[in-house]
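Generate coordinates for the entire structure from the input sequences, incorporating the hints supplied.
Basically the numbering used here = 1-based index in the sequence shown + 4.
Hints listed in this document are in silico derivations from the structure and should not be mistaken for laboratory results. Beta carbons are placed, not taken as given, at the ideal position from N, Cα and C, and that holds for glycine. A hint or two may mislead.
[Claimed, not checked] Derived Cβ-Cβ restraints for the label pairs, each shown as a range: (1) Lys439 with Asn292: 48 to 54 Å; (2) Asn28 with Thr8: 38 to 44 Å; (3) Lys30 with Tyr175: 18 to 24 Å; (4) Ser428 with Leu164: 17 to 23 Å; (5) Lys186 with His293: 52 to 58 Å; (6) Pro488 with Thr22: 23 to 29 Å; (7) Lys379 with Ser489: 38 to 44 Å; (8) Asp279 with Tyr175: 35 to 41 Å.
[Stated by the list, open to error] In the PhoX-like style, the derived pairs of lysine-lysine whose C-alpha atoms are separated by at most 20 Å in a straight line are: (9) Lys174 with Lys208; (10) Lys439 with Lys486; (11) Lys214 with Lys238; (12) Lys140 with Lys177; (13) Lys177 with Lys439; (14) Lys449 with Lys402; (15) Lys262 with Lys402; (16) Lys177 with Lys429; (17) Lys140 with Lys266; (18) Lys177 with Lys424; (19) Lys320 with Lys214; (20) Lys117 with Lys85; (21) Lys395 with Lys262; (22) Lys456 with Lys486; (23) Lys27 with Lys154; (24) Lys174 with Lys429; (25) Lys379 with Lys395; (26) Lys262 with Lys276; (27) Lys117 with Lys154; (28) Lys396 with Lys262; (29) Lys117 with Lys424.
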Amino acid sequence: ELLTKTFIFDNEEVNCGTDLIFKNDKYAFGVEIGEDLWSINPSSNKLSVNGANLIFNLAACNELVLKHQHRHDLIKVQSSKTLTGYVYVSNNVNESTTDLVFGGSNIIYEAGKLINEGNRFSFDGELIVGDIDVSKLINDRINFMKDVEKDNFRYVYFELGNFNQTLNRKYEKTPFVPTDEKVRKERCEEILNIQSSGLAKRMKHTGINKTVLGLSGGLDSTLALLVIDKANKKLNLDNSNIIAITMPGFGTTDRTYKNALKLAEVYGVTLKEIDIKEASLLHFRDINHNPNIHDVTYENVQARERTQILMDIANKEGGLVVGTGDLSEVALGWSTYNGDHMSMYAVNNSIPKTLVRYLVAHVRDNDERSYEVLKDILDTPISPELLPPDKKGNIIQKTEDKIGPYILHDFFLYHFIRNKATPSKIFELARHTFKDDYSNEEILKWLNVFVKRFFTQQFKRSCMPDSVKVGSVSLSSRSDLKMPSDASYNVWIKDLESIKL
Numbered sequence: 005e006l007l008t009k010t011f012i013f014d015n016e017e018v019n020c021g022t023d024l025i026f027k028n029d030k031y032a033f034g035v036e037i038g039e040d041l042w043s044i045n046p047s048s049n050k051l052s053v054n055g056a057n058l059i060f061n062l063a064a065c066n067e068l069v070l071k072h073q074h075r076h077d078l079i080k081v082q083s084s085k086t087l088t089g090y091v092y093v094s095n096n097v098n099e100s101t102t103d104l105v106f107g108g109s110n111i112i113y114e115a116g117k118l119i120n121e122g123n124r125f126s127f128d129g130e131l132i133v134g135d136i137d138v139s140k141l142i143n144d145r146i147n148f149m150k151d152v153e154k155d156n157f158r159y160v161y162f163e164l165g166n167f168n169q170t171l172n173r174k175y176e177k178t179p180f181v182p183t184d185e186k187v188r189k190e191r192c193e194e195i196l197n198i199q200s201s202g203l204a205k206r207m208k209h210t211g212i213n214k215t216v217l218g219l220s221g222g223l224d225s226t227l228a229l230l231v232i233d234k235a236n237k238k239l240n241l242d243n244s245n246i247i248a249i250t251m252p253g254f255g256t257t258d259r260t261y262k263n264a265l266k267l268a269e270v271y272g273v274t275l276k277e278i279d280i281k282e283a284s285l286l287h288f289r290d291i292n293h294n295p296n297i298h299d300v301t302y303e304n305v306q307a308r309e310r311t312q313i314l315m316d317i318a319n320k321e322g323g324l325v326v327g328t329g330d331l332s333e334v335a336l337g338w339s340t341y342n343g344d345h346m347s348m349y350a351v352n353n354s355i356p357k358t359l360v361r362y363l364v365a366h367v368r369d370n371d372e373r374s375y376e377v378l379k380d381i382l383d384t385p386i387s388p389e390l391l392p393p394d395k396k397g398n399i400i401q402k403t404e405d406k407i408g409p410y411i412l413h414d415f416f417l418y419h420f421i422r423n424k425a426t427p428s429k430i431f432e433l434a435r436h437t438f439k440d441d442y443s444n445e446e447i448l449k450w451l452n453v454f455v456k457r458f459f460t461q462q463f464k465r466s467c468m469p470d471s472v473k474v475g476s477v478s479l480s481s482r483s484d485l486k487m488p489s490d491a492s493y494n495v496w497i498k499d500l501e502s503i504k505l
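Structure representation (structure tokens):
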């Protein structure tokens, strides 16, 4: 303990001590020294609890075999626990080497994520730069730093000078998908285990050993089948207990139809084929709808007819209808209310479309029996296939032409929900990340679509089926997104309208 909290330097009183936090209207930082980081209760614990969102560690740390990795682990964990940007700097090899060598570690982390690192063992001084998203850290603390005991800290206020705000940091185009191949494989296997375990537990709880699935030959229903296959293995059930139903309609193409048949054969499921065209035409007559008018009624009649079939067969067979819709569709409301929107248990509801592709590809690369059919499914354009194909039998209704690229929407979704970023901030991040892929006008157009659909489609999420959560982003109205169905998007749209291209 210091005997004094101030000292005189150059005729001015200067604060000193471990209870100091320096702050301005943008951020607050605290300082810890060297081995504070290695202690049982680092100073940064209290600094962060009392408002510091940046920690600077001024160290004189020598190098030993394996010590550098341990140092990294400590900074990674500490920045993650305290939800801080952690800047670590140590002296370099110009120090005395009588007994020790100092490597000059310069490391920047943000909440467990490595932002930048310098080169060690250099005789030259080195400057590294890293962008830390302080607003993200502040938003994260709303959920993870509640009811913590605070101390009597002293705050030193300072003005923030002008500086170049050019964004140097690189953001992942697919934030839900790890870029490292080894990590991605591990992540995919972990996700498939979470999904299948959730379904297996629901089957055990209900005493139901049969599952009913609408198998279209598209990506989402394919992933659902792969999850059911894995759940059956956990429960020692034969795949004949999987009742896969293919339901050709007005927009079904030969390609997806044949892929559905191949999947059923490869995985040994019980396949039923029920053509919905006649039933849909009858319903059109009942409601006095012209079948030549290909509007939302034309599409939704087919989706609801398919759901009715799935539910009724589940009742007849004593089975559980497994939902196929993914997180991207849930966010955009790209489903038919009380049609494919509804099931008895949904296994894909927290899997975004960009991740669905990698999960299916992961199984493809590790299962020779399904390689060819999964490869073709991955190459098929995304479509609900509710409108008739072209004269050559090809898909004419392509989802991404209608609502925008899923790679953009998943990027928007991640930063909107996980990082609680404003639309204008999301636009800046997307503009920076996709500058070689999409124009500013395109990004703004699809971001407007995302915001409007996200708010207007909440009514579908308010009554969504039970579903398994696999990652930090989930839109379940029961736990993760408590949002009224009539919430207004005006504030968010005004923020977008302030953007000047």
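Checked hints:
1. Lys439 with Asn292: 48 to 54 Å: With a Cβ separation near 51 Å, lysine 439 and asparagine 292 satisfy 48 to 54 Å, so the hint holds.
2. Asn28 with Thr8: 38 to 44 Å: At roughly 26 Å between Cβ atoms, threonine 8 and asparagine 28 fall outside 38 to 44 Å, so the hint is violated.
3. Lys30 with Tyr175: 18 to 24 Å: Because 20 Å falls inside the window, the suggested range holds.
4. Ser428 with Leu164: 17 to 23 Å: At roughly 20 Å between Cβ atoms, leucine 164 and serine 428 fall inside 17 to 23 Å, so the hint holds.
5. Lys186 with His293: 52 to 58 Å: 53 Å, holds
6. Pro488 with Thr22: 23 to 29 Å: 45 Å, violated
7. Lys379 with Ser489: 38 to 44 Å: Given a distance of about 40 Å, which is inside 38 to 44 Å, the answer is holds.
8. Asp279 with Tyr175: 35 to 41 Å: 46 Å, violated
9. Lys174 with Lys208: Between lysine 174 and lysine 208 the Cα gap is close to 45 Å, so the pair fails against 20 Å, i.e. violated.
10. Lys439 with Lys486: 34 Å, violated
11. Lys214 with Lys238: Holds, at about 14 Å.
12. Lys140 with Lys177: OK: lysine 140 and lysine 177 at ~18 Å, within 20 Å.
13. Lys177 with Lys439: 11 Å, holds
14. Lys449 with Lys402: With Cα atoms ~18 Å apart, lysine 449 and lysine 402 stay inside 20 Å; holds.
15. Lys262 with Lys402: 19 Å, holds
16. Lys177 with Lys429: 15 Å, holds
17. Lys140 with Lys266: 46 Å, violated
18. Lys177 with Lys424: 17 Å, holds
19. Lys320 with Lys214: 11 Å, holds
20. Lys117 with Lys85: With Cα atoms ~12 Å apart, lysine 117 and lysine 85 stay inside 20 Å; holds.
21. Lys395 with Lys262: 18 Å, holds
22. Lys456 with Lys486: 18 Å, holds
23. Lys27 with Lys154: 17 Å, holds
24. Lys174 with Lys429: 15 Å, holds
25. Lys379 with Lys395: 25 Å, violated
26. Lys262 with Lys276: 14 Å, holds
27. Lys117 with Lys154: Violated. Lysine 117 to lysine 154 sits at ~26 Å, over the 20 Å cutoff.
28. Lys396 with Lys262: With Cα atoms ~16 Å apart, lysine 396 and lysine 262 stay inside 20 Å; holds.
29. Lys117 with Lys424: Holds: lysine 117 and lysine 424 sit about 17 Å apart, inside 20 Å.
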